[in-house]
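Asker: The chain contents come next:
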Amino acid sequence: MENNLLLTILLLTPIIGSILVLFLKEEQKNVIRVTGLFISVIALIVSLFILGDFDSSRSDFQFIHKILWVKSLDISYHVGIDGISLLLLLLTTFLTPLTLISTWKSITKNVKLFTFFMLMLEAGMIGVFISLDLFLFYVLWEAMLIPMYFIIGVWGGEQRIYASVKFFIFTMAGSLLMLIAIIWLAMSPPTFTTDLIKLYGVGPFVKGDIQMWMFLAFFISFAIKVPLFPLHTWLPDAHVQAPTAGSVILAGVLLKMGTFGLIRFCLPLFPQSAVIAAPYISVLAVIGIIYGALVAMVQKDVKKLVAYSSVSHLGFVVLGIFAFTQEALQGAIIQMINHGISTGALFLLVGMIYDRTHSREISFYGGIAKTLPVFSTALLLASLSSVGLPGLNGFIGEFLILTGSFKSLVLNNWWYTIFAATGVIFAAVYLLWMYQRVAFGKVTNDKLLAIPDLNSRELFILLPLLVFAVWIGIYPGSFLELTDVNSASILGHVKEFTFNFLQ
Amino acid sequence: MNDPLILYASLITLFLPVAGFALVTFSLGRIKKVFIGEISLMAVSLLSSVYILIDKLFLHPGVTSVFEFSWISFATGTGNQPINVKLGISVDSVTAILMFAVMLISFLVHLFSVEYMHGDKRFNRYFGYLGLFTFSMLGIVLTHNLLMMYIFWELVGLSSYLLIGFWFEKDSAADAAKKAFLVNRIGDIGMFLGILILFITYGTFTFSEIFAGIGSGKLPFDSEGWLTAAGILVFLGAVGKSAQFPLHVWLPDAMEGPTPVSALIHAATMVAAGVYLVIRIFVMLTADAMVFIAVIGALTAFISATIALTQNDIKKVLAYSTISQLGYMVMSLGVGAYAFAFFHLITHAFFKAGLFLGSGSVIHAMHHEQDIRNMGGLRKKMPVTYFSFLAYTLAICGIPLTSGFLSKDGILAGTYSFGLLTGHWLIPILGFSVVLLTAFYMFRLLFKTFHGKPADLHKYEHAHESPFLMAMPLVVLAVLSVFFWYGLNPASPDSAWFVSKWIDVPAKVVPESSNFSFMNTTATGGESLYNAEYTEAQHHAHFPTMIMSLLFDIIAIGLALLFYIYFKLNSRKLAAALPAVYNFSLRKWYFDEFYNGVIVKGTLLFSSVLYAFDKYIIDGIVNFSAYLTKLISRVSSAFDIIFVDGLVNFTAYINGFAGKHLRRIQTGKVQTYLVLVLFALLTLIILFKP
Chain V
1 MENNLLLTIL
11 LLTPIIGSIL
21 VLFLKEEQKN
31 VIRVTGLFIS
41 VIALIVSLFI
51 LGDFDSSRSD
61 FQFIHKILWV
71 KSLDISYHVG
81 IDGISLLLLL
91 LTTFLTPLTL
101 ISTWKSITKN
111 VKLFTFFMLM
121 LEAGMIGVFI
131 SLDLFLFYVL
141 WEAMLIPMYF
151 IIGVWGGEQR
161 IYASVKFFIF
171 TMAGSLLMLI
181 AIIWLAMSPP
191 TFTTDLIKLY
201 GVGPFVKGDI
211 QMWMFLAFFI
221 SFAIKVPLFP
231 LHTWLPDAHV
241 QAPTAGSVIL
251 AGVLLKMGTF
261 GLIRFCLPLF
271 PQSAVIAAPY
281 ISVLAVIGII
291 YGALVAMVQK
301 DVKKLVAYSS
311 VSHLGFVVLG
321 IFAFTQEALQ
331 GAIIQMINHG
341 ISTGALFLLV
351 GMIYDRTHSR
361 EISFYGGIAK
371 TLPVFSTALL
381 LASLSSVGLP
391 GLNGFIGEFL
401 ILTGSFKSLV
411 LNNWWYTIFA
421 ATGVIFAAVY
431 LLWMYQRVAF
441 GKVTNDKLLA
451 IPDLNSRELF
461 ILLPLLVFAV
471 WIGIYPGSFL
481 ELTDVNSASI
491 LGHVKEFTFN
501 FLQ
Chain B
504 MNDPLILYAS
514 LITLFLPVAG
524 FALVTFSLGR
534 IKKVFIGEIS
544 LMAVSLLSSV
554 YILIDKLFLH
564 PGVTSVFEFS
574 WISFATGTGN
584 QPINVKLGIS
594 VDSVTAILMF
604 AVMLISFLVH
614 LFSVEYMHGD
624 KRFNRYFGYL
634 GLFTFSMLGI
644 VLTHNLLMMY
654 IFWELVGLSS
664 YLLIGFWFEK
674 DSAADAAKKA
684 FLVNRIGDIG
694 MFLGILILFI
704 TYGTFTFSEI
714 FAGIGSGKLP
724 FDSEGWLTAA
734 GILVFLGAVG
744 KSAQFPLHVW
754 LPDAMEGPTP
764 VSALIHAATM
774 VAAGVYLVIR
784 IFVMLTADAM
794 VFIAVIGALT
804 AFISATIALT
814 QNDIKKVLAY
824 STISQLGYMV
834 MSLGVGAYAF
844 AFFHLITHAF
854 FKAGLFLGSG
864 SVIHAMHHEQ
874 DIRNMGGLRK
884 KMPVTYFSFL
894 AYTLAICGIP
904 LTSGFLSKDG
914 ILAGTYSFGL
924 LTGHWLIPIL
934 GFSVVLLTAF
944 YMFRLLFKTF
954 HGKPADLHKY
964 EHAHESPFLM
974 AMPLVVLAVL
984 SVFFWYGLNP
994 ASPDSAWFVS
1004 KWIDVPAKVV
1014 PESSNFSFMN
1024 TTATGGESLY
1034 NAEYTEAQHH
1044 AHFPTMIMSL
1054 LFDIIAIGLA
1064 LLFYIYFKLN
1074 SRKLAAALPA
1084 VYNFSLRKWY
1094 FDEFYNGVIV
1104 KGTLLFSSVL
1114 YAFDKYIIDG
1124 IVNFSAYLTK
1134 LISRVSSAFD
1144 IIFVDGLVNF
1154 TAYINGFAGK
1164 HLRRIQTGKV
1174 QTYLVLVLFA
1184 LLTLIILFKP
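The listed protein sequences correspond, in order, to chains V and B.
No gaps in the numbering here: position 254 of the first sequence is 254 in the working numbering, and each next residue is one more.
Numbers given in the working numbering equal positions in the second sequence, counted from 1, plus 503.
Bound-form chain B, shown alone:
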């Protein structure tokens, strides 16, 4: 059913933010308070997204609205399949929820930024960029096809570039902006090739049509391996955007952007786009592709969690934590815990946006101090920030009664049952160890920032609670980190509404032979994704999972207490005792060193060699042929002068010589002539003597 109101509401939600961008851009700095206009447009857009949310969750649940139009079409004359590229949007419950989350966080970040960015010389432009970003992000959420996904995918990349590099006078910010764009582009090319494979096979970019094509048994190049490859290639886009190993290196650097931007883009929304992409293509992922995705996710979660342990920049810790949580979501999709991945995407968006805004509040209060070694004791100065930060921290650690508990537990149960069914135990092992690490680094952060004694008394004295516009978003997000928005039973992830009501897990369309047996729909009569085997495994998994993760949380928080509150253990001594381990974590597993030293330097060196080749060899050949031509010309010229012209001159010379000497006999004296005639006569007589 296509309700035109949903179309209008979607278009309003989508285009008002970009109208805000246009408003700011075309005011050309002449209107001082133009940002108010931009924020008003965002508010209307938010309301419109609320309408869609209510419609899709409560009024018409389970209905997908689709609107499309033809963008490029050729009247083909070569007998190939006709080319008709359609763009369009599709709105279902997943879309509606994510749209609302994006709009809400975006709006809160706008409010927060009014205070945080106060006094910046490019204040209005900042809001314009936020509008552009929100538009691009909503485009990703709304699209019903891969091409439009790719287009908006790149546009969020652009807005991210502009916002990371917002303070471009700083070289580090300019570097980070470029790095983010380029690293993302590497993933994007993979995604693009994946999209091409699908387009060429099915002649369409539209998700539903591609899936229908796969479901009908048509495969790329008639091979299941190519279907796996297409899935993995498209997933590479998510590896870039969602900062998965090995392309995760851009996200920590992206913290050079203003902190509210980090909250909106590099924590809550844009980086989740990769996860959203995998959600959208989930039904076409083969078993091999899923294992690949799960392993990448698990590795990412683990690697970044170990790095977060030793970072001292408050935003860097949160950045690695974001990567780790994104790894969780990706891993979750890989093991088939579809609904929980999306659930975690949303709960994480709220509490991680909160953590970043909270850190922004701290940084603002500490006059742009970001090093947690110089903080401490701030809970007395900033109670609102502290308590909300505490709420987010509990949520990210998955402590009961928080939103994070519900979503995270579902993911862990998913990995556990996946291990049970497939024997891929590495994934749950990494998954559970991340629980331990997460709880430790988060409480380390909390304790070092808000507890203990102030490390920098001067800054501490000047610190103050943030003003209303900054505090209010913190409170809203903290409230959203409590369980009751997501389900009535705080101890049962399975009965959370995301899982039980809102999200329908779609049936896989891949051929049965390349799917996990427990995910084949025929086993359950096509009703849902999982057969009894999987459901049962998950059911069994929940209890041990809960116990284990709680136990890990308690151990980790206990350790954090001993290290940073009671000082029974000394982190410096530990670091000194294990320098290699410590440095490995502190230096982020040396990824940047490797990439800079090998790939960047290598490419530059290779390019320089190529340039030298161009200059000396290719152009050398050109110049040499010119030289050769000139040389031949000179030789010819010499030949011309010496031989050809020489012959001419020689002839002339001979003639001249002859003339010069013969002329002597022409004296004009009659006597001489007579003598000569006589002489000649005598000669003739002698010669012809009879």
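Extracted from the complex, chain V is given alone in its bound form:
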């Protein structure tokens, strides 16, 4: 097959860029910022080229680039994408420039290093989404932790060390399990290989218990990243302590790696185990939906509230993945994008107001709808998109997931859907209550009177997100069609090996 260099170019752009940044002088902060932005915009443009060339009617991987790396072990540099990874790739290259702009005023120390890490992080995320070799995937999956570790640990809040170490070790612990499973799987007959496409034909033939252990090892590693209840407690700490840009990338893209991993690896590699485990996992997902929402309700810190809301929203994604219906899987994929957009917007907004007041306490605010009308309108839109108001993006994902889980033959029980649906009510409770306490009422805090409304830079960051929120809400077809064939083929692959379950 003809090698296609586009993905490699996309991967190398931020890497080379980040090294270039190192040659700049720390004093020239604005030069560094503009360079960083420029590089991430190039990555965005490259990814748009990829979108332009993408053929959504193909069920196999596209833009493949393969170079043999370790011949005796059949390890190679092997990259390629399908519609699912394309969407997440676009989300990454789209969010990175926006977050970089958002840091122009808030990050003033070590700008050079910060930009370096952000670009490295982008490269890591791109790499994870395009890897088609388990070894390569694992290396990038781990490598990506490092820039995030530093972003939280250096530019974070007061308890940043605790949070960054917790984040690092928690996720690392999961990854090690995955490493063992990767080696075990690679050693399975016929020959040693880490090539994912070849392994798609190996994993399903690993027998019973062993396959289940491998599945669990992969699953736990991804579940920590998602995070799935009860493996979620690193998330609130990491979010609260991370700088705004870190939170946005963390919520926007990093969490999606967990759910992406479930779709790309857990389902097709271990179809039988995935179907057997689905009801149990779905229970955890539904608990997460309700639990995350309820806990979010009583938070006093806005960032923590949004962090717990992520637990709830990602629960929907996991439920969608393990329902094994096309509606649910498509819904899960679109919900991943939605969460990136709405939660990204919420974190950006929280960051913007934090830059002005240095407080994240809900009780600090009140009445800002009057003093900051533009900010409040944007906050309302972002909240409503997160609430799942029809006409905005969140609704599409929840609607498809609930429909799919309701008719799922694997779950075969409508209580999942009914309980999950109550999460939709609670989402409205915690977000509207937060909005009321922040935006409505009289201004009681004098400090709020003096602060300015959003400036044009901040509006420029938010507008693209809000445009996409409306776009997905009104015409989701343009996004769903990218993943249509691929989601069908993944389910077809699973069904092939689990015929009994999916009659």
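Wrong hints could be hidden among the right ones.
[Claimed, not checked] Taking lysine-lysine pairs in the BS3-like style, the calculated list, with each CA pair at most 25 angstroms apart, reads: (1) V:Lys25 to V:Lys105; (2) V:Lys370 to V:Lys442; (3) B:Lys962 to B:Lys884; (4) V:Lys370 to B:Lys624; (5) B:Lys1104 to V:Lys300; (6) V:Lys29 to V:Lys105; (7) B:Lys536 to V:Lys370; (8) B:Lys673 to V:Lys447; (9) B:Lys624 to B:Lys536; (10) V:Lys442 to B:Lys673; (11) V:Lys370 to B:Lys673; (12) B:Lys1118 to V:Lys300; (13) V:Lys300 to B:Lys673; (14) B:Lys956 to B:Lys1118; (15) B:Lys1118 to B:Lys1104; (16) B:Lys535 to V:Lys370; (17) V:Lys71 to V:Lys198; (18) B:Lys624 to V:Lys442; (19) B:Lys624 to V:Lys447.
Quick caveat, the hints were computed from the structure, so don't treat them as lab data.
Given chain V, work out where chain B should sit, using these hints.
Answerer: Here is chain B on its own, set in the frame of chain V:
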């Protein structure tokens, strides 16, 4: 027949209001008089709806125009049924009438608001929100499928949220906005699940396709019980939106919004959306679902009417009255009086919008006084408001010659015959007692506001008749509350055009075994909903109904006269004599106390417990494992230092010790060495002595 002109007219009617919203929003406060643009768009939209109305009622009666397009579709690869979600609109006479009513009231409210909201700092934005609301409401009316219904359903919820919370500086307004949204969402989830059941069974959201599916004998999970459940679940959406018991608590609080908003949204249109939903799904309701709906409606009508008796806020009285009337409509659908439910929806929309605008006129004149105890005697100061208010009051009480008489009498006759045929007598009993209550509280309101002596002379002196833009809508709505718009015979509900001409009662599609026998179409050859038995029962019911309701009206109005005009009876003494009853009504049956105390507090408490669990247990485990790891590390470290390194050091020590002491024998003196050699030699000889 799909007349493209109807499509264009519908789209114009639908989208111009939202264009108005966009106009206001994107002017970003830079254009001072942008509201004029918004109102002009509404006017065009109104004209367009008139065109549709004329077409559907007179030019092409009985024709339904349908337009649809595919919204989401998957090429399915899993062997399941293909997924194709269609959105679209369908326009029939019901749609056309309701669209016109919505547009007309919306337009009148716009005019009224120009004066009422004059000087508000967010004046333009207010009109933008009205445009957004009108758009969302029209979407509900026009849709031909449940999904789009749900989408616009939530959008009216949003516009209602924005308008109730329009004066968000007031905590009460902000609270009310949130409460309205959340309470509605509870109902909406039920509706959503109901929609899912139908979608999964029939693979479509489109009403006509679902009904065709049911008609062909396919049932959700192959069970009639599930069909009942689906109907009730979808109905839950109406329970929220139309403020039915037990989700009615948001509507009285919603009165925190500007009064014209209350007229448009929380009286005439949005709250009627629930009734409209039930109208749309009527043919798929089983007998059990209908009884459920009828009972909910009757209870709602009764409970809220008893609450309205003792309220002192002019808008609160009207709010409870609205709930009560909505209960009537829902009850009416439950007993199968389909056409009368829609008829009452329309007549109520006009007279209740009038009542609210009238109260707005009073509140405006009294400088934002809403307590009727501080009013009185206003009829001399505000004759236009008074006479129109009187007309609406007569209409809501169902006095002959008004529109309300026709529609209400039909509903009561329906409940009566339902009682006759099924033995569910509770429904007519509640229905008729509401007549008594309604007439009493409405005349109490009228008398205390407009008659008697002014209670607050200062405010009375400053009161004045409202300006033209406010008075004109009142007159228009009052004229619409007279009978001749709806039928030529003021004493015969059955010959009202709504019933005899405009509204075709659709045939039920549910299996005969789960339908009321008297509603089975086979009995009449599929011609209409009712068989002879039901028609006859209704026919017999009309006369007693009329007599009874008139009698109740006379008694109630007489009592109101004795209490509030002639003061022969004293309401305070009565209240003092029956404190428990009085407080039960005044405190609204303690619903809010119960919900706040049990559900809200309970949820918050539970959430706090969960958070503590998260913080101390789940995160505790994480931190504990970190602690444990550290502990093991310390122990290992100690072991390392004491034993492993100790062994190393010990070896070194031994060596050192040995070296230190052995080195003493290395003195460098030849004599010592000689002695030692001699000594060693001697030892060897002794040891190895042969």
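Asker: Compare the structure with each hint and give your call.
Answerer: Consistency of the hints with the structure:
Distance restraint check for lysine 25 of chain V and lysine 105 of chain V: the Cα-Cα separation of roughly 18 angstroms lies within the 25 angstroms cut-off, and the hinted pair is therefore satisfied. Distance restraint check for lysine 370 of chain V and lysine 442 of chain V: the Cα-Cα separation of roughly 8 angstroms lies within the 25 angstroms cut-off, and the hinted pair is therefore satisfied. Taken as a hint, the lysine 962 of chain B and lysine 884 of chain B pair is honoured in the structure, with Cα atoms around 11 angstroms apart against an allowance of 25 angstroms. With a C-alpha separation of about 10 angstroms, the suggested pair lysine 370 of chain V and lysine 624 of chain B falls inside the 25 angstroms cut-off, and the hint holds.
For the suggested pair lysine 1104 of chain B and lysine 300 of chain V, the alpha carbons sit about 17 angstroms apart, so the restraint of at most 25 angstroms is met. In summary, the hint linking lysine 29 of chain V to lysine 105 of chain V is supported, as the alpha carbons are separated by about 11 angstroms, within the 25 angstroms threshold. Simply put, lysine 536 of chain B and lysine 370 of chain V have alpha-carbon atoms about 21 angstroms apart, close enough for the 25 angstroms limit, and the pair holds. With a C-alpha separation of about 20 angstroms, the suggested pairing of lysine 673 of chain B with lysine 447 of chain V holds against the 25 angstroms cut-off.
Distance restraint check for lysine 624 of chain B and lysine 536 of chain B: the Cα-Cα separation of roughly 13 angstroms lies within the 25 angstroms cut-off, and the hinted pair is therefore satisfied. A C-alpha spacing of about 7 angstroms is found between lysine 442 of chain V and lysine 673 of chain B, which places the hinted pair at or below 25 angstroms, so the restraint holds. Restraint check for lysine 370 of chain V and lysine 673 of chain B: satisfied, since their Cα atoms lie roughly 12 angstroms apart, inside the 25 angstroms limit. Distance hint between lysine 1118 of chain B and lysine 300 of chain V is fulfilled; the C-alpha atoms sit about 14 angstroms from each other, no more than 25 angstroms.
Distance check on the hinted pair: lysine 300 of chain V and lysine 673 of chain B sit about 22 angstroms apart at the alpha-carbon level, within 25 angstroms; holds. Using a Cα cut-off of 25 angstroms, the hinted pair lysine 956 of chain B and lysine 1118 of chain B is violated, with the two alpha carbons roughly 64 angstroms apart. Note on lysine 1118 of chain B and lysine 1104 of chain B: the hinted pairing holds, with a Cα-Cα distance of about 21 angstroms set against a maximum of 25 angstroms. The hinted pair formed by lysine 535 of chain B and lysine 370 of chain V meets the criterion: a straight-line CA distance of about 19 angstroms does not exceed 25 angstroms.
At most 25 angstroms may separate the alpha-carbon atoms for a hinted pair to count; lysine 71 of chain V and lysine 198 of chain V meet this at roughly 15 angstroms. A hinted pair counts as satisfied when its Cα atoms are at most 25 angstroms apart, and lysine 624 of chain B with lysine 442 of chain V qualifies at roughly 15 angstroms. Taking the CA atoms of lysine 624 of chain B and lysine 447 of chain V, the gap is near 23 angstroms; set against the 25 angstroms cutoff, the hint holds.
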